[in-house]
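Per the UniProt record's numbering, the very first residue in the sequence shown carries number 1; after that it's consecutive.
Accuracy of the hints is not assured; some may be wrong.
[Stated by the list, open to error] With a Cα cut of at most 20 Å, we get these calculated EDC-like pairs of lysine to aspartate or glutamate:
1) LYS291 <-> GLU114
2) LYS268 <-> ASP173
3) LYS295 <-> GLU69
4) LYS291 <-> ASP173
5) LYS146 <-> ASP158
6) LYS295 <-> GLU306
7) LYS303 <-> GLU318
8) LYS268 <-> GLU247
9) LYS266 <-> GLU247
10) LYS50 <-> GLU32
11) LYS268 <-> ASP232
12) LYS291 <-> GLU33
13) LYS303 <-> GLU69
Don't read these hints as lab results, they were simulated from the structure.
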Amino acid sequence: MDAPVGGKVVEDQLILRMDKTTLETRLRALTEEWGLTPLGQNIAFLWLSKAATDDTGNLTRLRQWTLMELNKQRRPLNISPWQYGCPNLLPGLTSRPVWQEEMRTTFPWIRALEAAFPQIRDELLALKNDPSTFHPYRAPSWAGVKQAADGIGSISHDAGDWNVFYLYLHDVDYAANRRRCPVTTSVLESIGGNYEHAFFSAMAPQTHITKHHGPTNKKLRCHLPLVVPSPDCCRLRVGDDIVSVHEGECFVFDDSFEHEAWNDHKSKSRIVLVVDVWHPSLSAPETKFFKFLQKARMKVERKLAENDADGFYRILEEATHVAASPAAIWS
Numbered sequence: 001m002d003a004p005v006g007g008k009v010v011e012d013q014l015i016l017r018m019d020k021t022t023l024e025t026r027l028r029a030l031t032e033e034w035g036l037t038p039l040g041q042n043i044a045f046l047w048l049s050k051a052a053t054d055d056t057g058n059l060t061r062l063r064q065w066t067l068m069e070l071n072k073q074r075r076p077l078n079i080s081p082w083q084y085g086c087p088n089l090l091p092g093l094t095s096r097p098v099w100q101e102e103m104r105t106t107f108p109w110i111r112a113l114e115a116a117f118p119q120i121r122d123e124l125l126a127l128k129n130d131p132s133t134f135h136p137y138r139a140p141s142w143a144g145v146k147q148a149a150d151g152i153g154s155i156s157h158d159a160g161d162w163n164v165f166y167l168y169l170h171d172v173d174y175a176a177n178r179r180r181c182p183v184t185t186s187v188l189e190s191i192g193g194n195y196e197h198a199f200f201s202a203m204a205p206q207t208h209i210t211k212h213h214g215p216t217n218k219k220l221r222c223h224l225p226l227v228v229p230s231p232d233c234c235r236l237r238v239g240d241d242i243v244s245v246h247e248g249e250c251f252v253f254d255d256s257f258e259h260e261a262w263n264d265h266k267s268k269s270r271i272v273l274v275v276d277v278w279h280p281s282l283s284a285p286e287t288k289f290f291k292f293l294q295k296a297r298m299k300v301e302r303k304l305a306e307n308d309a310d311g312f313y314r315i316l317e318e319a320t321h322v323a324a325s326p327a328a329i330w331s
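Use the sequences and the hints to build the structure in full.
Dropping the structure here:
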């Protein structure tokens, strides 16, 4: 299903019909609800004020999203039922579960990523000599299937094991990891629209990552399979599409759609490089705003995590010190 990318919706005009004082009051109240610092609130207010009256088309999706926020509307109209479980959805974005047909024209950097497959794979395999590199994937209690046995967050698989090696994640310092993978890092840094979220993801033999949704449709996710025991054993379901996994062949999907993954091989692991990118339907100014907002909110959340045992950053920090089972990664 393709949602319209351009053009204003009728409801969009409601913002323009508000008097200036009412609009400013509501926009300032909205920025306060986001929990930003006073400086962050002022910056966000200026962005939202500009979007409310912009007629260039560059801020259409931001304006529509602002109206949703003002009206406490949980999700846009005309989205797929497969996206209903995603907590943060923007209107006006091209929406489809898998982007296979137009992938190489929309994302020309995929050619460079696939061309670097041998070197990226070599850098991954070099990590095998250090058992402390990967750690278990963990999430806050509300986001997983069940609590982890060691009490650190929750897990998202109901069989097998799932471990990760982060390269980029929400301004957390993974520079040491990137230094171990210079070719991988160089390719990632050349990607236009990089969302600054990338990692190696290792599924142990006979692992099932249960159905779940990503946090937003503002981004798309690319997988570069690096170690695949057998294509008929490894697959991903996105909505009602099934993607077979082949070494060295990228695929892009929208993880705001419900999705789940399997490695059914009895004795060998599956490892992919995961790269997130900003949604191509967003204009450059919109991407700039949402990048600012995400960083500002994450900064506040990181500060709060010091006193929240179930906070994202607290769990991430604790999980980093849990050594993954080598057999779960390198089988």
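Status of the hints after comparison with the structure:
no. : hint              : result
1   : LYS291 <-> GLU114 : violated, 27 Å
2   : LYS268 <-> ASP173 : violated, 31 Å
3   : LYS295 <-> GLU69  : holds, 19 Å
4   : LYS291 <-> ASP173 : holds, 18 Å
5   : LYS146 <-> ASP158 : holds, 8 Å
6   : LYS295 <-> GLU306 : holds, 17 Å
7   : LYS303 <-> GLU318 : holds, 16 Å
8   : LYS268 <-> GLU247 : holds, 14 Å
9   : LYS266 <-> GLU247 : holds, 18 Å
10  : LYS50 <-> GLU32   : holds, 18 Å
11  : LYS268 <-> ASP232 : holds, 13 Å
12  : LYS291 <-> GLU33  : holds, 18 Å
13  : LYS303 <-> GLU69  : violated, 24 Å
Of the numbered hints given earlier, the model fails hints 1, 2, 13; all others are met.
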